[in-house]
Amino acid sequence: MNPKPLLVFLPGTLCTGAIFSAYSNHSQYDSLIIEFSHEASLDEMANTVLSQVGDRAFIPVGFSMGGMVAFELIRQRPAQINGLILLNSNCLADSPERSNGRQHQLQLARDKGLQSLFQDIMLPVYFANPECEHAKLVVEMASALGIATFEAQLNVLAQRPDSLSVLSHFQKPSLVIGSEHDLPCPPEHQQVMASALPQGELHILNHCGHFALLEQADAIKNLINNWMARHYG
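In terms of my numbering, the sequence shown opens at residue 1 and continues consecutively.
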């Protein structure tokens, strides 16, 4: 009997494993949720993943920054990656404008605290409705990880390489999910990735923003489960 596929969940910036609580218990696949904290580069994040996965083949499920970690894993261990699921991510290198904006956010966090930054600035960027029930979790996760982790992860985002060529050579099944109202990783970014992937499948969800995995959890679970059944059932 073949072992069940292993999905390895990779969180986004200032997200803990709580972001994946709705996805990690399923009879169709095994799951492992990674937590990032002190890592200051994609290479260090990839090492954190591989130290927990060992030699087992797996499918990264990368949300936002987690997708960038997935690209690094494909660079380092292409034969070990059995597929790819991207949730509201971005394969392009950072722009000077985005990097400068993040430094401004970091200074605001130092001056006023992460909770203030997220409530005043980030939630309207992250959610189609910043007053939604899920916003509280995002603030709680950011507060739990703290400013030192925020600074380290902003550096990771600023230093990331362009990964479009990595995707174009990845020959395994790939699921790309984005959101109609995602400002940090808009639908056109999802289209670029899905088009580059030889076996890319694209879905853009309506009525949600960057945190679609919270706002549209049932829809995303159905997409993942159906995709898994077709390719790994």
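Just so you know, these hints were derived from the structure itself, not from any lab.
Computed from a prediction, not measured in an experiment: that's the story for all the values here.
By construction, the Cβ of each residue, glycine as well, lies at the ideal position given by its N, Cα and C atoms.
There could be a bad hint or two in this list.
Heads up, simulated BS3-like pairs for lysine-lysine below, C-alpha to C-alpha not over 27 Å straight-line [to be verified]:
(1) Lys221 - Lys4
(2) Lys4 - Lys136
(3) Lys221 - Lys172
(4) Lys112 - Lys136
(5) Lys221 - Lys136
Label-pair ranges, simulated between beta-carbon atoms [what the hints assert, rightly or not]:
(6) Arg230 - Ser116: 40 to 48 Å
(7) Ala93 - Ser116: 26 to 34 Å
(8) Pro198 - Arg110: 37 to 45 Å
(9) Ile121 - Arg230: 34 to 42 Å
(10) Pro96 - Asn225: 36 to 44 Å
(11) Lys136 - His26: 23 to 31 Å
Do the hints match the structure? See the list:
1. Lys221 - Lys4: Holds: lysine 221 and lysine 4 sit about 17 Å apart, inside 27 Å.
2. Lys4 - Lys136: violated, 34 Å
3. Lys221 - Lys172: holds, 20 Å
4. Lys112 - Lys136: holds, 18 Å
5. Lys221 - Lys136: holds, 21 Å
6. Arg230 - Ser116: 40 to 48 Å: holds, 45 Å
7. Ala93 - Ser116: 26 to 34 Å: About 30 Å separates the Cβ atoms of alanine 93 and serine 116, which means 26 to 34 Å holds.
8. Pro198 - Arg110: 37 to 45 Å: Holds - the Cβ-Cβ distance for proline 198 and arginine 110, about 44 Å, lies within 37 to 45 Å.
9. Ile121 - Arg230: 34 to 42 Å: For arginine 230 against isoleucine 121, whose Cβ atoms are near 40 Å apart, the range 34 to 42 Å holds.
10. Pro96 - Asn225: 36 to 44 Å: Since the Cβ atoms of proline 96 and asparagine 225 sit about 40 Å apart, the hinted range of 36 to 44 Å holds.
11. Lys136 - His26: 23 to 31 Å: At 25 Å between Cβs, range holds.
Comparing the model with each numbered hint stated earlier shows that hint 2 is the single one that does not hold.
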